[in-house]
Every structure is written in structure tokens, then in C-alpha cells.
Amino acid sequence: MTDAISLLFSQEFLSRALIVGVLISLCCALLGVSLVLKRFSMIGDGLSHVGFGAMAIGAAAGVAPLYFALPIVIVAAFLLLRMSEKGKIKGDAAIALISTGALAVGVMVTSMTTGMNVDIYNYMFGSILTMGEGDVVISSVLSLCVIGLFIIFYREIFAVTFDENFAKATGTKASAYNMLIAALTAVTIVIGMKMMGALLISSLIIFPTVSSMRLCKSFRSVVTFSSVISVLCFLSGLILSIKYEAPTGASVVCVNIFLLGVLSLVRHIKLANIKISLKCLAIAVTAVLSLSFFIFAMMQGETYEYKKDKTTIVATSFAPYDFARQIAGENAEVIMLLAPGEESHTYEPTPGDIMKIQQCDLFVYGGGESESWVDSILDSFDEAINTVKMMDVVELYEEEHNHSEEEHHHEDGEYDEHVWTSPLNAVEIVEAISFSLQQTDNENAQVYAETTEKYLTELRKLDAAFVSMISASAKNKIVIGDRFPLMYFTERYGLGYESAFPGCSAQTEANPATISRLIDAVKNENISTVFKVDLSKGSVAFTISEAADTAVGTLYSCHVISAEDFEAGETYVSLMKRNYEALKRALN
Amino acid sequence: MSYISCKNVYLRYENTSVVEDLSFNVEAGDYLCIVGENGSGKSTLIKSILGLKETASGHLHFGDGVTSKNIGYLPQQTTAQKDFPASVYEVVLSGCIGRKGGRIFFSKQQKKLAAENMEKLDILPLKNKCYRELSGGQQQRVLLARALCAADKMILLDEPVTGLDPVVTAEFYALLKKINKQYGITVIMVSHDLFAAVNNATHILHLKNKGSFFGETAEYLESDIYKYFSGGEHND
Chain P
1 MTDAISLLFS QEFLSRALIV GVLISLCCAL LGVSLVLKRF SMIGDGLSHV
51 GFGAMAIGAA AGVAPLYFAL PIVIVAAFLL LRMSEKGKIK GDAAIALIST
101 GALAVGVMVT SMTTGMNVDI YNYMFGSILT MGEGDVVISS VLSLCVIGLF
151 IIFYREIFAV TFDENFAKAT GTKASAYNML IAALTAVTIV IGMKMMGALL
201 ISSLIIFPTV SSMRLCKSFR SVVTFSSVIS VLCFLSGLIL SIKYEAPTGA
251 SVVCVNIFLL GVLSLVRHIK LANIKISLKC LAIAVTAVLS LSFFIFAMMQ
301 GETYEYKKDK TTIVATSFAP YDFARQIAGE NAEVIMLLAP GEESHTYEPT
351 PGDIMKIQQC DLFVYGGGES ESWVDSILDS FDEAINTVKM MDVVELYEEE
401 HNHSEEEHHH EDGEYDEHVW TSPLNAVEIV EAISFSLQQT DNENAQVYAE
451 TTEKYLTELR KLDAAFVSMI SASAKNKIVI GDRFPLMYFT ERYGLGYESA
501 FPGCSAQTEA NPATISRLID AVKNENISTV FKVDLSKGSV AFTISEAADT
551 AVGTLYSCHV ISAEDFEAGE TYVSLMKRNY EALKRALN
Chain F
1 MSYISCKNVY LRYENTSVVE DLSFNVEAGD YLCIVGENGS GKSTLIKSIL
51 GLKETASGHL HFGDGVTSKN IGYLPQQTTA QKDFPASVYE VVLSGCIGRK
101 GGRIFFSKQQ KKLAAENMEK LDILPLKNKC YRELSGGQQQ RVLLARALCA
151 ADKMILLDEP VTGLDPVVTA EFYALLKKIN KQYGITVIMV SHDLFAAVNN
201 ATHILHLKNK GSFFGETAEY LESDIYKYFS GGEHND
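First to last, the sequence lines map onto chains P and F. Going by the numbering used here, the final residue of the first sequence carries number 588, and the count climbs one at a time with no gaps. Going by the numbering used here, the final residue of the second sequence carries number 236, and the count climbs one at a time with no gaps.
What the hints contain is simulated information worked out from the structure, not anything from laboratory work. Heads up, the beta-carbon is just placed ideally off N, CA and C, and yes, glycines get one too. A portion of the hints provided could be inaccurate.
Each computed DSS-like pair below joins lysine-lysine, with the alpha-carbon atoms no more than 27 Å apart [what the hints assert, rightly or not]:
1. K112/F with K177/F
2. K38/P with K69/F
3. K38/P with K127/F
4. K127/F with K181/F
5. K584/P with K461/P
6. K178/F with K111/F
7. K177/F with K38/P
8. K153/F with K173/P
9. K584/P with K523/P
10. K181/F with K120/F
11. K477/P with K537/P
12. K127/F with K111/F
13. K112/F with K173/P
14. K53/F with K38/P
15. K100/F with K38/P
16. K108/F with K153/F
17. K111/F with K173/P
18. K129/F with K38/P
19. K178/F with K173/P
20. K153/F with K127/F
21. K53/F with K173/P
22. K173/P with K69/F
23. K108/F with K173/P
24. K153/F with K181/F
25. K173/P with K177/F
26. K111/F with K38/P
DEER-style ranges, computed between Cβ atoms [claimed, not checked]:
27. Y13/F with D92/P: 18 to 26 Å
28. A176/P with Y228/F: 44 to 52 Å
29. Y183/F with L265/P: 41 to 49 Å
30. G261/P with I225/F: 27 to 35 Å
Here are some of the chain P residues that sit facing chain F, going by a computed Cβ distance under 10 Å [claimed, not checked]:
31. K38
32. M42
33. N165
Sequences and hints are given; from them, build the entire structure.
Structure, rendered in C-alpha cells:
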């Protein structure tokens, strides 16, 4: 437990997340009471979708998404409020229209721009890593404004929430307070969205209020209790997410669900016992506290210390993991962050992963677009750690787009990150890793040098085998009905290719024009095998193989390994040998 | 000068004209019942008096020192209120919202006023109870106490006895009469209950699209419109 807590305060990005999270939870709880009781819960949901759309557009336009989304969401809040007030039946339909509409626009904009799939995933499900220092300042100021305004206008907010007509009749400007609440909600949602995710943020608004309504009998106790619940659930969720390496937003929501269940149960028991008006609060608080203690207790004994008697190497993906493993043998512990079978392009390190990186002796990463999180994490460390960035070691090629007819608006100078797919590059990477490792772990330097030499020979042999096989082949072109991470490989051996998408695209559905282009290529070149990439469903490849009557083969990028292959102990070299066999069949 | 003077007023509801050419006056101490068929514009008129809705044309205003700050309103219950977690005291005290002015907190006098009004309506023992757990009659008393917190001079009630049983309804009417007679507060009530209206009110306003009736209760009892309306009810 102490480790998880000290982790919270020792890691700058985590303490930032902690501060912003607590403030946001507080704001959500306060505003939520009013929204839920006024039957406006769905406005929160609608606004978060609008926020998502706005952030997507902002990111595409290169504007800081927070500043871009804020005014748009506030305007949307006023709009939704007007619609909800005008007619009850129109109101919920209008919210559904606006939220799905905004979501669709967001997805459209995203699909027209590549290279921001990671961002979008973050906006949808949230990430505690996205909290920069500026974000903390803005969030804190805004949250304090929300809390302050709520306290100042508490009595008016109660009057307007309980009975709008009465409040209006006695001269209270009810619509002004409604607008105030809507605007504050908009602000809260935009700030909270980065951490909690657009799809989850509205739960923070709804759950605490509904939970506390199970037991509380006065407005003041609902407000107080839901604030307490909200903050405690956030903290428990955050700690849970650190322990189980789960996304923070989802963890917080799960704790909220659990608590709602407990409180509903307590209410049931209470109904049978009758008359526990004041004690109910005590029971509820106990429930929350016991929940947090339960979590804390589970944390006990869990430590983030690794076998410090051994040198530790952390690698982001499978290829560098395998390289390090081959060099280190039994002399060092090698950790792979991307779990076998995990989607590489939407991967985000968990707090536990970050601890692993911070405590390791050598960190090997690609440095490409899908690992854009690496820089901010390395920056946040007080002490610099030893790293090998694979893209610094080899000669880089720009990601290929000519082969895709789908128009992508792309900034120049975006390099393909799958540098290891050429065995010759692998040689250079292995040399770099080995060099760093020998520096770090002097004692075993001699052993490392020997294993490296052996491994390099193997890689060179592999390279030579590819050279002779491909130069002797009848055909010189392959068609890949998939994204194409093997560019360094094809460049190395002068192999021509046609692919559906560029290397890092998260797309899996090609448009009809792309498919017909690939089918034409297959027919013109008289190609017998269409390839898909390992771990992909290969829907495009299968469509082509059906239309052009070809076989479907699999190429391995060694970026992520499937769980079965990992269990079976496959390596970079063994997977490359599969590529060798597959290509040999396809090209002859 | 009258508390409310209404001259040649036209009212609309969702773009249909509901009341045409309406004129009446409410004086201090009056007990006015507004009756009429469903859709005859009773609630619309109440809302227009309170300034929540605009009139289509004509003159409708307060006089003799009456403003929105010293009239109390008891609206029809909303669905949201049925499960609203608020204590009786919180609801009653919120009646002082118009008196609070620019201050953040309620003053001591305002809190005292809330306690007095709860005392008047016999709901002081319910002070810390949850509003949603009260009976219908108790809820109406709470809302009445809230209206009294807002009102020095006049209260407006929109069908306050809907859904109450006959005994509770009779109690509520007695309470209103007491407020009117003993505390000298002018009462304007929308009602479906024609017989209770003629038994309690000093004045009746019978709303019709054209040719609404306004006058003292005695006059109303003699009018054709009452005879037709009450006869129609008897034949049901």
C-alpha cells in the first residue's frame, strides 16, 4: 500500500492526475446533484460527446484541443438546455441527435487524418498521462471557480432545482442559474474528459448523486455525501488502476457501480428496519470507508520492486524484447510492455509500466508515432535512465503513402517506425543494445559480448538467406491486403509491394476503390498469394483472395506477438523464417 | 388601488387564443377562486399574473405595493419533486429566496420566518423529515408554508388539492380560510372543485374563451354560467 501511495506522490504525472482528478470529482458531484434532480442527466452525456467531436476537430486542426473544445461545449450546453426546456419529448431526442451527431463528426474528422488514432483512443477512454503542467493549472482554476460559484449560489441553485416555477415567481432568475449550471457542467466535462474519457466522464456526474439519493434525506446531505463519495471513489479507482494496471476512468466507474450496489442494499435493509434517519449517513460513510480500506488492504504486500539483484531491461514491443533477451540470456531480466496479442497502436503504459521503466537499467523503445508517450514519461523522471531508441540507430524511411489511394492529409517527415523488420537493421539495433548493456552491467560485459557475436551471426545468415531467395525468385512483387509494417524489409531486398494501408494505420476496412486496385494488381502481376499481417483479421486480404482466387498468406511484423506464439517460445528469427517460407512460396 | 388589475387581457397557449378580453380586479383581503373547464386557461392566467408568461395583449399589473417579491406561489407538483431528497425545513426556507437579495446566506429573521410559518401550518414536527416521504396533504402544507415565506400580501395556488382525499382536502381549505381571514393574506386559487369554491371564496372568476364571468360569489350563484356549469356537472 505504502508503495502505491508513495508512487502517487513521487511521480509527477500521477500527482498531477491526483490533483485534477479530485477537483474534477468534486465539481462533478456538485453539479450532478442539480442535473440529476432536474432530470438533465443526459445533458452531461450529450456534452461529453460534443466534447469528443470538438477535440477531434481541434486535434486535426492542430489547435490545443482543450481551448478549442471549451467554447464549443459551452455553446452546446446552452443549446441542449434550451431544447430540454422547450418540450420534454423533444428534449431527449434532441440530446441523442446532438451527441451521436458530434460523435460521427469526430470519427469522420479522425478518419481523414492519420496518425492521431492514439489521441482519439485517449479522448474516448481517457488517460491519466495526458495531464501536462498547464492542464493542471487550468483545471485547478476552473474547478475552484465551479466549486466557489456553487457555494455562493447554493441557495438559489436549490430553489431552482426543487421548483423552477416557484423560484421564477419570486423573482429569481431561474434561467440564468440554469445557464450557469450548464456552463459549469460544460467546463467540468471538458477538463475531466482528458482523464476520464468522453464515454465515461458523465458517469462521474450521475453516479455519486444517485448513490447518495439512496440514503440521504436532505439536499444538503445529498450534496455533501455525493462529494465525499465522488472523491473517495476517484481515489479508490486511481489506486485500483495502479494496482491492476487498468485504465483509470473505467476503474473509477467500476468503484462507483460497486458503491451504488452497496448503498442500494443498505437502503433495502434500512427499509425493513425503519427509522434510521441520521444513522443512515453513518452507515453510508462506513460503507465507503470499508470499501477504501478493502482496497488498501488488497494493496498491502504488493510492491513495485523488481529483482534488483539482476539487471533489468524494459522493451516496449516484441522485437526489441527478443533482441534484449537473446543478448542477455539468463544474466538479466527482460520485460516486455506490450502484452502478447495487445493492439500496439492504442497501447498506453499503465502507472505500473511507468514504474517498471523508471526502475529498469536499460529501456529499449522504437520512438515512433505509436510510442509518442515515451518522451513525456522520460521527461517526467527526475533521473535520466539508460535508453536505446531504435529509430536513432538505423537509417529512416518516410512512411509510404503512394500505395494507398485513400487521401491522407499528412505532415511531412513522418517516419515508419517498424525499423526492425529488416534483418540488417536488426543487426545494428542488437549492436546498440549490446553496447549499452555492457556499459550498464560491467560484470557480465564479457558474456554479453559473446552471446551478441553469436546472435549477430545468426541475423546475418538470415539476411543472406533472404537476399539469395528473393534475387532467385520468379516474381518480384507482393500484395498485402492489410496495413503494411514491413517497408524496411521490402526496401532492403528490393521487393515491390502494393498494400491497402500505410504501416501504422489503425484502419482495417478498406474502401471499394482500394480493394479493386489491389485485385487489379493481383491479376496483372499474376500473383498467387495475398498477404495479411499477423494478428490482423485480414478482412481485406480475404476479400481479395475470394475475388481473384488466390491463397492468403501471413507476414509477421514482430511488433506484437500472438499469445500462442509467445507461449511456444517463438523468436524474431523464427518468425522471420516463417516470413521466408511464405515469401518463397508466394514468389515462385 | 387594487392588488391586481386586469383589463382587456388576451391570453394565448401554444399559439391558440385561450382567453379573450378578460377584465377583473383583486383587492386586499379577497379570496378569489378561478374556475373553468380543462384548457380554459386557468394555469396560463396564473402564470401571466406571476410574470412567467406574457399576455398577448391588454393590461395586467400589480398595484398597492404588491410585487413579485411579496407574493407566494404554490405551483402544481412536478414529477421531479416526487423523489426529491430535501428536508421540510430546506423546502420551506427556500421560500425566502426572493427576500435574500444579494447576500449568500439566509438571515436569522428569514430562518425565524420559516419556523413561524411551519408552526402556523402544524408542520414544525416534520422539520427534518424528507419531503418525498410525506403524505400528499403534508407535502401541500409544506409548499404552502414555503409560499407564505415568500408572501406578505398575496398567495396564488394552482389546483392545490389534486390527488388529496376528501378529509385532507377539507382541512386544507380550512387552513386557507384561516390564512385569508386571520392573517389577512389575499388568496387566489385555481380549482376544479366548484362547490368548495363557492363555499370558500369571496369572488369567483369563471374563465371561458369569450365572456368570462367575474364577480362576488353571491352574484356568481345567480348567474346563468354557474347554473349551466353546475347543472352539467350534476348530470354527469
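Q.
Check whether the Cα positions of K181/F and K120/F lie no farther apart than 27 Å.
A. holds, 14 Å
Q: Assess, step by step, whether the Cα of K108/F is no farther than 27 Å from the Cα of K173/P, and give holds or violated.
A: holds, 24 Å
(Q) Hint check: K127/F vs K111/F, CA-CA at most 27 Å. Holds or violated? (A) holds, 12 Å
Q. Can the restraint linking K112/F and K177/F be considered satisfied, given a maximum Cα separation of 27 Å?
A. Distance of about 23 Å is within 27 Å: holds.
Q: Please work out if K173/P and K69/F have their alpha carbons no farther apart than 27 Å.
A: holds, 12 Å
**Q.** Interface hint status, N165/P versus chain F (Cβ within 10 Å)
**A.** holds, 5 Å
**Q.** When the least beta-carbon distance from K38/P to chain F is tested against 10 Å, hint result
**A.** holds, 6 Å
Q) Given the hint that K477/P pairs with K537/P, does the C-alpha gap stay at or below 27 Å? A) Cα-Cα ~22 Å, so holds.
Q) Would the pair K153/F and K181/F pass a check requiring their Cα atoms to be no farther apart than 27 Å? A) holds, 12 Å
**Q.** Consistency of beta-carbon spacing, L265/P to Y183/F, with hint 41 to 49 Å
**A.** At roughly 48 Å between Cβ atoms, L265/P and Y183/F fall inside 41 to 49 Å, so the hint holds.
Q. Quick one, are K100/F and K38/P close enough, alpha carbons at most 27 Å?
A. holds, 23 Å
Q. Are the Cα atoms of K111/F and K173/P separated by 27 Å or less?
A. Given pair K111/F, K173/P holds - Cα atoms ~22 Å apart, limit 27 Å.
Comparing the model with each earlier hint shows violations of hints 7, 19, 25, 30 and 32; every other hint is respected.
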